[in-house]
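Note that the protein sequences, when read in sequence, are chains E and V.
Sequential numbering of the first sequence, starting at 1, is according to our numbering.
Sequential numbering of the second sequence, starting at 1, is according to our numbering.
These are computed hints drawn from the structure, not numbers from a lab.
The beta-carbon is built from N, C-alpha and C at its ideal position, and this holds for glycine as well.
Each hint should be verified, as a subset may be incorrect.
Claimed, not checked - EDC-like, lysine to aspartate or glutamate: derived pairs with alpha carbons at most 16 Å apart:
1) E:Lys31 <-> V:Glu113
2) E:Lys31 <-> V:Glu114
3) E:Lys31 <-> V:Glu204
What the hints assert, rightly or not - Examples of chain E residues toward chain V, derived with CB under 7 Å:
4) Val141
5) Ile244
6) Val268
7) Thr296
Said to hold, decoys possible - Pairwise CB distance ranges, derived in the manner of DEER restraints:
8) E:Ser20 <-> V:Val191: 17 to 25 Å
9) V:Phe39 <-> E:Pro152: 27 to 35 Å
10) E:Asp188 <-> V:Tyr115: 24 to 32 Å
11) E:Ala135 <-> V:Val191: 28 to 36 Å
12) V:Trp66 <-> E:Asp58: 43 to 51 Å
13) E:Val302 <-> V:His209: 34 to 42 Å
14) E:Asp188 <-> V:Gly194: 29 to 37 Å
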Amino acid sequence: MAVEVGRKGRPEAGDWRRNSRARHLRERAVKVALAACAYLSVLTTFGIVAVLLFETLDFFKEVSLLKFLTGTEWSASFQGQAEYGILPLVCGTLLTTAIAILVALPLGLSAAIYLSEYASARLRRWLKPALEVLAGVPTVVYGYFALTLVTPFLKDTILPSLSVFNALSAGLVMGVMIIPTVASVSEDSIYAVPRTLREGAYALGATRREVATRIVVPAALSGIVAAFILGVSRAIGETMIVAIAAGAQPVLTLNPLSSVQTMTAYIVQVASGDTPRGTTTYQTIFAVGSTLFVMTLLLNIVSYWFVRHYREKY
Amino acid sequence: MARAGARITQENDRGHASDFKPSISPRHWLDRVFTGVVFVATLVGLVVLAVLLVDVFKDGLPKVNWQFITGYPSQIVPETAGIYPALLGSLWLLGLTALFSVPLGIGAAVYLEEYSADNWLTRVIEINIANLAGVPSIIYGLLGLGIFVSVLGSLTGGESVLSGALTLSLLILPVIIVATRESLKSIPSAVREGGIALGATRWEVIRGHLLPMALPGALTGTILALSRAIGETAPLIVVGAAVYLNYAPEGPRSDYMAIPIQIFTWIEQPQDVFKTLAAAGIVVLMVVLLLTNSVAILTRNRYQRRG
Numbered sequence: 001m002a003v004e005v006g007r008k009g010r011p012e013a014g015d016w017r018r019n020s021r022a023r024h025l026r027e028r029a030v031k032v033a034l035a036a037c038a039y040l041s042v043l044t045t046f047g048i049v050a051v052l053l054f055e056t057l058d059f060f061k062e063v064s065l066l067k068f069l070t071g072t073e074w075s076a077s078f079q080g081q082a083e084y085g086i087l088p089l090v091c092g093t094l095l096t097t098a099i100a101i102l103v104a105l106p107l108g109l110s111a112a113i114y115l116s117e118y119a120s121a122r123l124r125r126w127l128k129p130a131l132e133v134l135a136g137v138p139t140v141v142y143g144y145f146a147l148t149l150v151t152p153f154l155k156d157t158i159l160p161s162l163s164v165f166n167a168l169s170a171g172l173v174m175g176v177m178i179i180p181t182v183a184s185v186s187e188d189s190i191y192a193v194p195r196t197l198r199e200g201a202y203a204l205g206a207t208r209r210e211v212a213t214r215i216v217v218p219a220a221l222s223g224i225v226a227a228f229i230l231g232v233s234r235a236i237g238e239t240m241i242v243a244i245a246a247g248a249q250p251v252l253t254l255n256p257l258s259s260v261q262t263m264t265a266y267i268v269q270v271a272s273g274d275t276p277r278g279t280t281t282y283q284t285i286f287a288v289g290s291t292l293f294v295m296t297l298l299l300n301i302v303s304y305w306f307v308r309h310y311r312e313k314y
Numbered sequence: 001m002a003r004a005g006a007r008i009t010q011e012n013d014r015g016h017a018s019d020f021k022p023s024i025s026p027r028h029w030l031d032r033v034f035t036g037v038v039f040v041a042t043l044v045g046l047v048v049l050a051v052l053l054v055d056v057f058k059d060g061l062p063k064v065n066w067q068f069i070t071g072y073p074s075q076i077v078p079e080t081a082g083i084y085p086a087l088l089g090s091l092w093l094l095g096l097t098a099l100f101s102v103p104l105g106i107g108a109a110v111y112l113e114e115y116s117a118d119n120w121l122t123r124v125i126e127i128n129i130a131n132l133a134g135v136p137s138i139i140y141g142l143l144g145l146g147i148f149v150s151v152l153g154s155l156t157g158g159e160s161v162l163s164g165a166l167t168l169s170l171l172i173l174p175v176i177i178v179a180t181r182e183s184l185k186s187i188p189s190a191v192r193e194g195g196i197a198l199g200a201t202r203w204e205v206i207r208g209h210l211l212p213m214a215l216p217g218a219l220t221g222t223i224l225a226l227s228r229a230i231g232e233t234a235p236l237i238v239v240g241a242a243v244y245l246n247y248a249p250e251g252p253r254s255d256y257m258a259i260p261i262q263i264f265t266w267i268e269q270p271q272d273v274f275k276t277l278a279a280a281g282i283v284v285l286m287v288v289l290l291l292t293n294s295v296a297i298l299t300r301n302r303y304q305r306r307g
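Construct the complete structure from the given sequences, taking the supplied hints into account.
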């Protein structure tokens with residue numbers, strides 16, 4: 001339409017001399033270029049899946065899938081008598097994750113409740129970005145903190161039997177890192193609870209605590225569950241804190257005081273050594289990576305699904 | 001609503017006259033306790049952050065001097081070790097990552113927000129981007145190792161700063177896309193309609209009006225994403241950042257170190273002197289992050305004032 005005017009209009013107005021065909025062509029080219037940017041994200045996903053599959057399939061030519069998934073020994077570094085049972089790594093991952101969530105869920109949820117139900121608008125403007133900083137601190141810094149401050153502190157005060165590398169410190173510090181994730185996702189859903197629900201309860205004589213715990217939290221539960229799942233997924237994929245502070249011993253234990261190795265820490269251990277390409281040890285990091293990818297992907301899907309299907313509609 | 005509401009009614013139904021506690025003071029007392037508990041819980045994270053910063057700066061700041069900034073790492077005389085190659089490596093990574101990720105991210109956001117039809121393909125892309133944002137960073141490292149270092153090794157130079165930057169670009173793309181889209185979304189549709197009505201094409205409206213208006217938000221998100229990229233360690237370890245070099249990167253295909261990698265290497269050493277070096281490295285890293293974040297805030301303020 002605009003182009004029509006340009007074509008038929010007299011070229012007296014200097015601005016209007018544009019060549020409509022060139023404009024059309026440029027328009028088309030721009031659209032294709034922008035679309036290519038958007039499709040790159042799909043390509044990235046394909047790339048991840050392809051790379052993981054390619055090397056993992058090679059790995060499973062050497063090691064049986066059943067042994068990989070059910071074996072309780074992991075000693076990949078020792079050539080010749082290598083054992084590839086992923087359970088110790090999964091166990092280490094779940095142990096640190098559980099500790100982290102025990103920290104992050106109550107603290108994050110409390111922060112969300114405080115920010116949305118109690119804090120004044122002014123305090124909120126300061127507190128929220130301050131909490132976000134926690135998520136912006138590089139994880140290698142948290143690792144340093146866990147190893148050089150938290151572990152010695154715990155060892156000197158309450159837990160003399162703590163080993164230098166342990167799941168507890170790593171998990172605790174990781175929990176602090178995840179607080180903003182849990183807080184901001186839960187806060188979004190708490191914020192979405194309509195005012196009328198709160199005011200109705202106040203009118204019936206409820207106190208602020210009663211409104212928060214019996215009206216707001218149940219109404220926002222889907223979002224809180226999603227925040228929990230997202231936090232778990234973060235913790236499972238977190239690498240540097242556990243690589244630095246949790247140790248490098250793939251043992252099947254639930255003792256938080258001892259040294260463990262997570263899946264991510266194993267990948268770091270192998271990747272920072274000199275492992276020739278094409279060897280089984282090299283392929284193990286892709287097999288472990290695939291396991292990690294599938295676990296986080298499932299959690300992310302469940303969390304997404306939870307928000308969509310259990311959202312209370314007002 | 002139904003659930004929460006039902007619970008209250010139930011309680012009220014159950015309540016006989018004798019159950020009703022007219023005394024409200026214990027409930028108010030409990031209310032105050034609860035307020036205190038959630039407030040303290042909110043502060044825990046901030047206290048930990050403060051302790052962390054104080055601890056790191058106490059250990060590291062005395063070590064940060066000109067020699068540390070311009071010196072090279074050394075295993076033999078750790079007292080004179082410096083962070084120069086890692087600092088330069090991180091700056092190279094920052095520059096290259098920005099070069100790749102900013103146009104790609106903004107382009108993708110513009111396409112999704114302004115061009116794409118609301119069909120299944122668009123939804124696939126959207127869900128896909130949301131999922132990519134949740135993929136652990138170390139998985140991106142494996143992607144970079146498989147694609148940029150191995151398959152495209154002859155182009156990128158293998159374990160080069162280029163491979164590292166490409167990997168980090170893919171890692172932060174989802175963040176940039178989401179930030180830019182939010183920013184575009186907040187522009188009223190009257191701007192688009194006005195531009196089109198005056199005979200501008202879609203791209204002319206985007207280039208002349210939407211992008212300048214969306215810039216503050218997009219830039220803030222982008223710089224925050226870039227600062228995340230500077231702090232990343234795990235993917236760089238996987239794509240083969242060097243743990244020891246006595247030179248700064250000489251080009252995109254050169255070997256490289258990065259500040260987080262240098263910190264990690266120092267932490268891994270058992271001697272205490274290296275722990276101090278690690279703390280000093282962390283101070284440098286935090287200062288770099290602080291600078292980039294201030295740039296983000298300043299740019300946003302500047303553009304906002306102009307708009």
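Structure-based check of each hint:
1. E:Lys31 <-> V:Glu113: 12 Å, holds
2. E:Lys31 <-> V:Glu114: 10 Å, holds
3. E:Lys31 <-> V:Glu204: Holds - the C-alpha atoms of V:Glu204 and E:Lys31 are around 12 Å apart, at most 16 Å.
4. Val141: 5 Å, holds
5. Ile244: Holds, because the Cβ-Cβ distance from E:Ile244 to chain V comes to roughly 6 Å (cut-off 7 Å).
6. Val268: 5 Å, holds
7. Thr296: 6 Å, holds
8. E:Ser20 <-> V:Val191: 17 to 25 Å: Since E:Ser20 and V:Val191 have Cβ atoms about 23 Å apart, the given range 17 to 25 Å holds.
9. V:Phe39 <-> E:Pro152: 27 to 35 Å: 29 Å, holds
10. E:Asp188 <-> V:Tyr115: 24 to 32 Å: 28 Å, holds
11. E:Ala135 <-> V:Val191: 28 to 36 Å: 33 Å, holds
12. V:Trp66 <-> E:Asp58: 43 to 51 Å: 50 Å, holds
13. E:Val302 <-> V:His209: 34 to 42 Å: 41 Å Cβ-Cβ, so the 34 to 42 Å window holds.
14. E:Asp188 <-> V:Gly194: 29 to 37 Å: 33 Å, holds
The structure is consistent with each of the numbered hints, conforming to all of them.
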